[in-house]
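Engineer: One-letter residues, chain by chain:
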Amino acid sequence: MSTKHDVKRYPGLGALSVAFFVYLYAPLLVVIIYSFNANRITGVWTEFSVKWYGSALNNKALMAALETSLIVAVIATVVATSIALMAALAIIRGKNVRFRKVSETVVNLPLLLPEIVLAVATLILFSLIGLQNGLLKLVIAHSAFCTPFAFLPIRARLQGMSLDFEEAATDLYATRWTTFRRVTLPLIFPGLFSGAMLAFLISMDDFITSNMLASGGSTTLPVYIFSLIRAGTSPELNAIATLLIVASLILATIALTVASRGARDDI
Amino acid sequence: MSDTAHTAHASAGASPARRRPLNLAYLGLLPSWLIMGFALLLPILIVAAVSVSTRGAYGGFEWGFDLTGYSQILFNEGWEGEMEFTPQYLIIILRTIVLAALTTLLCLVLAVPVSYFIAQQSSSRKALLVYLVTLPFWMSLILRVYAWMIILGKDGPLPRFLEVFGAPSGLSLMYNDGATLAAMVYTYIPLMVLPVFASIEKLDGTLIEAAHDLYGNRWVTLRRVILPLTAPGIISGAILVFVPALGAVLEPILMGGGKQMMMGSLIQLQFGGGRNWPFGSAIAVMLLVFVMIVLIILALRAARKEAAA
Numbered sequence: 288m289s290t291k292h293d294v295k296r297y298p299g300l301g302a303l304s305v306a307f308f309v310y311l312y313a314p315l316l317v318v319i320i321y322s323f324n325a326n327r328i329t330g331v332w333t334e335f336s337v338k339w340y341g342s343a344l345n346n347k348a349l350m351a352a353l354e355t356s357l358i359v360a361v362i363a364t365v366v367a368t369s370i371a372l373m374a375a376l377a378i379i380r381g382k383n384v385r386f387r388k389v390s391e392t393v394v395n396l397p398l399l400l401p402e403i404v405l406a407v408a409t410l411i412l413f414s415l416i417g418l419q420n421g422l423l424k425l426v427i428a429h430s431a432f433c434t435p436f437a438f439l440p441i442r443a444r445l446q447g448m449s450l451d452f453e454e455a456a457t458d459l460y461a462t463r464w465t466t467f468r469r470v471t472l473p474l475i476f477p478g479l480f481s482g483a484m485l486a487f488l489i490s491m492d493d494f495i496t497s498n499m500l501a502s503g504g505s506t507t508l509p510v511y512i513f514s515l516i517r518a519g520t521s522p523e524l525n526a527i528a529t530l531l532i533v534a535s536l537i538l539a540t541i542a543l544t545v546a547s548r549g550a551r552d553d554i
Numbered sequence: 038m039s040d041t042a043h044t045a046h047a048s049a050g051a052s053p054a055r056r057r058p059l060n061l062a063y064l065g066l067l068p069s070w071l072i073m074g075f076a077l078l079l080p081i082l083i084v085a086a087v088s089v090s091t092r093g094a095y096g097g098f099e100w101g102f103d104l105t106g107y108s109q110i111l112f113n114e115g116w117e118g119e120m121e122f123t124p125q126y127l128i129i130i131l132r133t134i135v136l137a138a139l140t141t142l143l144c145l146v147l148a149v150p151v152s153y154f155i156a157q158q159s160s161s162r163k164a165l166l167v168y169l170v171t172l173p174f175w176m177s178l179i180l181r182v183y184a185w186m187i188i189l190g191k192d193g194p195l196p197r198f199l200e201v202f203g204a205p206s207g208l209s210l211m212y213n214d215g216a217t218l219a220a221m222v223y224t225y226i227p228l229m230v231l232p233v234f235a236s237i238e239k240l241d242g243t244l245i246e247a248a249h250d251l252y253g254n255r256w257v258t259l260r261r262v263i264l265p266l267t268a269p270g271i272i273s274g275a276i277l278v279f280v281p282a283l284g285a286v287l288e289p290i291l292m293g294g295g296k297q298m299m300m301g302s303l304i305q306l307q308f309g310g311g312r313n314w315p316f317g318s319a320i321a322v323m324l325l326v327f328v329m330i331v332l333i334i335l336a337l338r339a340a341r342k343e344a345a346a
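Chains H and U, in that order, give the protein sequences.
Note that the numbering used here has the first sequence beginning at 288, numbered continuously upward.
Note that the numbering used here has the second sequence beginning at 38, numbered continuously upward.
Hints are computed from structural coordinates only; laboratory data are not their basis.
If you're wondering where the values come from, they're calculated on a predicted model, not measured in any experiment.
The beta carbon of each residue, even a glycine, is placed where N, CA and C say it ideally should be.
Accuracy of the hints is not assured; some may be wrong.
[What the hints assert, rightly or not] Here are the simulated EDC-like pairs of lysine to aspartate or glutamate, each with C-alpha atoms no more than 20 Å apart in a straight line: (1) H:K388 with U:E343; (2) U:K191 with H:E523; (3) U:K296 with U:D214.
[Stated by the list, open to error] Covered stretches of chain U, as calculated for chain H (at least 3 residues, CB under 8 Å): (4) 113-126; (5) 323-333.
[To be verified] Partner residues aside, some chain U positions facing chain H, computed with beta carbon under 10 Å: (6) A62; (7) L142; (8) L145; (9) I187; (10) P194; (11) V201.
Can you make the complete structure from the sequences, with help from the hints?
Structural biologist: Given below as structure tokens:
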């Protein structure tokens, strides 16, 4: 069928879609371009310079915030992924499980409810029970809202996998634990890996909850960036933003590639 | 399945030394119930309790039954205890609903043609384009909003561009509802494109040809064939955008400035500088109720469809 008479085609769709992708990426590109501007004022271009990258990397408060974010994100990722893996195994593989549907909704609750409500709710809870440790507060809250992001890819992988391999292992007298370690775990690894990556990214990016729970010594990267934005134009900000955009780009690409690989060689 | 569970239960009751080991599945579910119960369900109950408590003298709250948190939404208590109607918070609630609805609508208008275009591509190009749509979603929300502060702000690319067409110099497009809306559409659009694309991709092309054979032009085909058949994707995309848009915080704070608040930024303020926890909790409960209404309507629809099938 020639393109011209293909009734499934709508004129102007291609141009509109190109414009859409420009719209999606132009704002990020603007930040990246301005990060190389020597002028202190973002909007006024003077000349190309990488000096703001140097001063960003020497910024002690920024590095402290990055460290806090990394500590919280790594612990929350491990906790959330473990919880999600156990829940996914129980929900998909468990036999005679009651409350299956309710449990699945509970795991996904953080996706359904507005984050600001959860943020103030945990703030009140922590102040009632007198929890003072800033890092611990962040780890608990982050572990909770990262769980569904780890859960969904793991569940998808488990659902797409046939039981044959596990049954074969059992037929060959493998114990439940050996079957899990040598058969199930390697097979669901793509889902597990991308789930963990997404949980990590969500934790690193979180602003609303972290800002609500932030106290001295537990300022995360997004909370620090917010304070820079609030303080007015800080020329380092564009350099910091560019570094973070590139870092998320790499991590998200790895996570999404592994996830789609896993989906393609379905078993 | 529930039958076997029942018999297992009954036999366990009959013989005290039952051989059946503990169902490991419940052990697997335990951690998720524990963390969601402790860090999510319990705190939400506490918020509901705080919303009907008294404001503490130095911020925070004191237990007790007091509906001031809710009455404050509509009335302001005067010096002599008289209740005076104040529309300011009602305006914030209405702005929240209108901006969230507009965001959903604009995302939809953008997502349908783009998804349709992506669905027509070869499978490798399809994968690439879906990846490109998804990618920004995994980038820091605060930075995506910040990018729009640069674009719309004083000396930003868009005001500069408009100057060419005679706009006054030094123009800033920031700190109004339009700026908030622009940032919201930008940040939530991937959530709309993905489900809409998923259902457009499944669309049977022969139905479009059939509509054409029956003398339906492109517009009629779109309205009568394509849109009704992709309704499930459109509805789930609308929910995925509308629900978080109702709770938007960063967009109104950064783009709308101090005065153009939404419910999310109002809550944030009550627990930050404002220090009125019962009032903030009351707004949080309202926001939660709005979201629940949307989700319940959706669940009822799904149940009705299942019953019909």
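Engineer: Compare the structure with each hint and give your call.
Structural biologist: Structure-based check of all given hints:
For a cut-off of 20 Å, the pair hint linking K388 (chain H) to E343 (chain U) stands: about 15 Å separates their Cα positions. Taking the CA atoms of K191 (chain U) and E523 (chain H), the gap is about 18 Å. The hint holds against a cut of 20 Å. Of the pairs offered as hints, the one joining K296 (chain U) and D214 (chain U) holds, with about 10 Å between alpha carbons and a cut-off of 20 Å not exceeded. With a threshold of 8 Å between beta carbons, the proposed coverage of the stretch 113-126 of chain U by chain H is violated, since 0 of its residues qualify and at least three are required.
Proximity of the stretch 323-333 of chain U to chain H, defined as three or more residues with a beta carbon under 8 Å from a beta carbon of that chain, is established by the 4 residues found. Interface hint status for A62 (chain U): upheld, as the beta-carbon distance to the closest one in chain H is roughly 3 Å, under 10 Å. Look at L142 (chain U): its Cβ only gets to about 16 Å from chain H, farther than 10 Å, so that hint breaks. At about 13 Å, the closest approach between the beta carbon of L145 (chain U) and any beta carbon in chain H exceeds 10 Å, and the interface hint on this residue is violated.
Taking 10 Å as the C-beta contact cut-off toward chain H, the hint placing I187 (chain U) at the interface holds, the least distance being around 6 Å. With a least beta-carbon distance of about 6 Å to chain H, the hint placing P194 (chain U) at the interface is held under the 10 Å criterion. With a cut of 10 Å, the hint placing V201 (chain U) at the interface with chain H is violated, because the nearest CB-to-CB distance is about 15 Å.
In summary, the numbered hints that this structure violates are 4, 7, 8 and 11.
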